[in-house]
Amino acid sequence: MPLDSTDLAAIWLTLKLASVVTLLLLVIGTPLAWWLTRTRSPMKRVVGALVALPLVLPPTVIGFYLLLMMGPDGPLGRLTGALGLGTLAFTFTGLVIASVFYSLPFVVQPLQNAFEAIGPRPLEVAATLRASPWDTFWSVVVPLARPGFVTGAILGFAHTVGEFGVVLMIGGNIPDRTRVVSTQIYDHVEAMEYAQAHWLAGGMLVFSFVVLLLLYTLYPQSMRGANR
Amino acid sequence: MNDIRTRVRIVRDSFDLDVDLTLPGRGVSALFGHSGSGKTTLLRVLAGLERAPGAYVALGDEVWQDDANKAFVPTHRRGVGYVFQEPSLFEHLDVRANLEFGRKRLPPAERRFELAPVTELLGIGHLLDQRPGTLSGGERQRAAIARTLLSSPRLLLMDEPLAALDLKRKLEILPYLERMHDELALPVVYVSHSADEVARLADHLVVLDGGRVAASGALAVTLARIDVAGSFEDDAGVMIETVVSGHDADGLSHLAFPGGTLFVAKRDAVMGSRIRCRIHARDVSLALEKPRASSITNILPATVETVGPGGAPGQVLVRMRIGETALLARITERSRRELDIVAGRAVWAQVKAVALLA
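The listed protein sequences derive, respectively, from chains A and B. What the first sequence shows, in the numbering used here, is residues 1 to 228, in sequence order. What the second sequence shows, in the numbering used here, is residues 1 to 358, in sequence order.
None of these hints come from the bench; they were simulated from the model. Only a predicted model underlies this, so the values are computations on that prediction, with no experimental measurement involved. Glycine residues also receive a C-beta, built at the ideal position from the N, C-alpha and C atoms. Don't take each hint at face value.
Selected chain B positions facing chain A (in silico; Cβ < 8 Å) [to be verified]: (1) F90; (2) G102; (3) R105; (4) S151.
Mimicking EDC-like on lysine to aspartate or glutamate, the simulated pairs with C-alpha atoms at most 20 Å apart in a straight line are [claimed, not checked]: (5) B:K168 - B:E197; (6) B:K104 - A:D135; (7) B:K104 - A:E124.
When you get a sec, could you build the whole thing from the sequences and use the hints?
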């Protein structure tokens, strides 16, 4: 086996991070995408732009600001400090929070597309059939938007696996705590360990390709959402 | 009383709806008007799907919207059924689950319909396990109507529900809709732009024109109003309630109405049964003397009441009275002048065609 224990630890941590982040993103992204779909508030554009920011900003910029926020003098850092949790920078929790921000558009946008594709009519029909809005959301919206949920979950997971800049800024590449595959590859390359770098990099390449191939086979319409 | 009362005022750039209406709490009320007349918007306000600021909506003594008192009951608590213009089945559910959707959200004691009789009557019993995508347009709409009925609505709102159906299916569904409201005293508000559909189905007729109520009243009376008859264009004409009074050896049935008798091709109907007849204004011509040499069977003595615009250049509508019953005729302006058709003149109305409805 060309992968040593630090490589395996990095892979494990990466999968754990991506799973936790994907779960959180579905919980946060669903109401957010629903609100963006239904609201007529002028804030819609502002929030939509904020959500999309990670698509265009260098990860280092997001990482930098999050680092400041999580630091001992940042608002988030003061809060966690007051709660006796210490600072979040260079911890797994900090990494999770940063990744949620960074991967948010990859979950929110497919969900929003799926919600918008449903249109208002099925909601109106459900209301005339005595279903409350909450009931309608679960019995009509979620099943009809299933492709959006699958696409969002896959993209959110894959994107979290693939992040590097934010991890480096927030996580600091600490073994078993914040060292994920992408930073491990970086370390291998720095140390001229090209063979090990190859295994991990090749693995990432295959993983990403298979995930996207799977997605586009399951839901060809998701190609539009992913490229937005 | 279970009257439906509504007061709505919506002013938008291209649209202006200003309506103050009371509809009877039983039977079918038709909202008739051309596209853009506001009939669908009005229906949506009744359902609570559209929240018109300042509106008032009530069913009997139950207030659904009264913005002056900050009252608004959301759609799902109004107990309204709504059949949309296009069949809107849930694509993620099979037909059976679609039909059960509203029904299962109702306490068993309040369910007034069983699945089997409704699916049988609408002819969709064999489709229950199919997905909506495999159904034809007519089948989808019949399933949507069944789904609405099964939710046991207290007020049934229908937005041109038959527009997507072929004539055969329409004629199949209509008697069921009629029977349903007869038996259950379920009020129905029915939007349509087909005068013939309205004449067949409605008890009460509201004519909307440019967002205003042009007329509202009992069907027969309103159809015969010369000031609104123009709205029906080529379909202008009266509806007469008749009673089967006999059958003769010539193969004709006799239909009596207050003021006379119509003779129509023999109907398989028992004596005393009620039949709605529709006589289009375009099918009625006038003569000053009783035509002796005419193949037309129905020639009735009438008295001219009013003459009004005919909806097309060179044409006029003439409203007559035969006993207690009103009749409309559309003739050319030239004929009117040459025959000197004015109020009070006695004429003979030649009825070329009588359409029997139900």
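Open item on the list: Need the list of violated hint numbers for this structure, in ascending order.
Closed with: none
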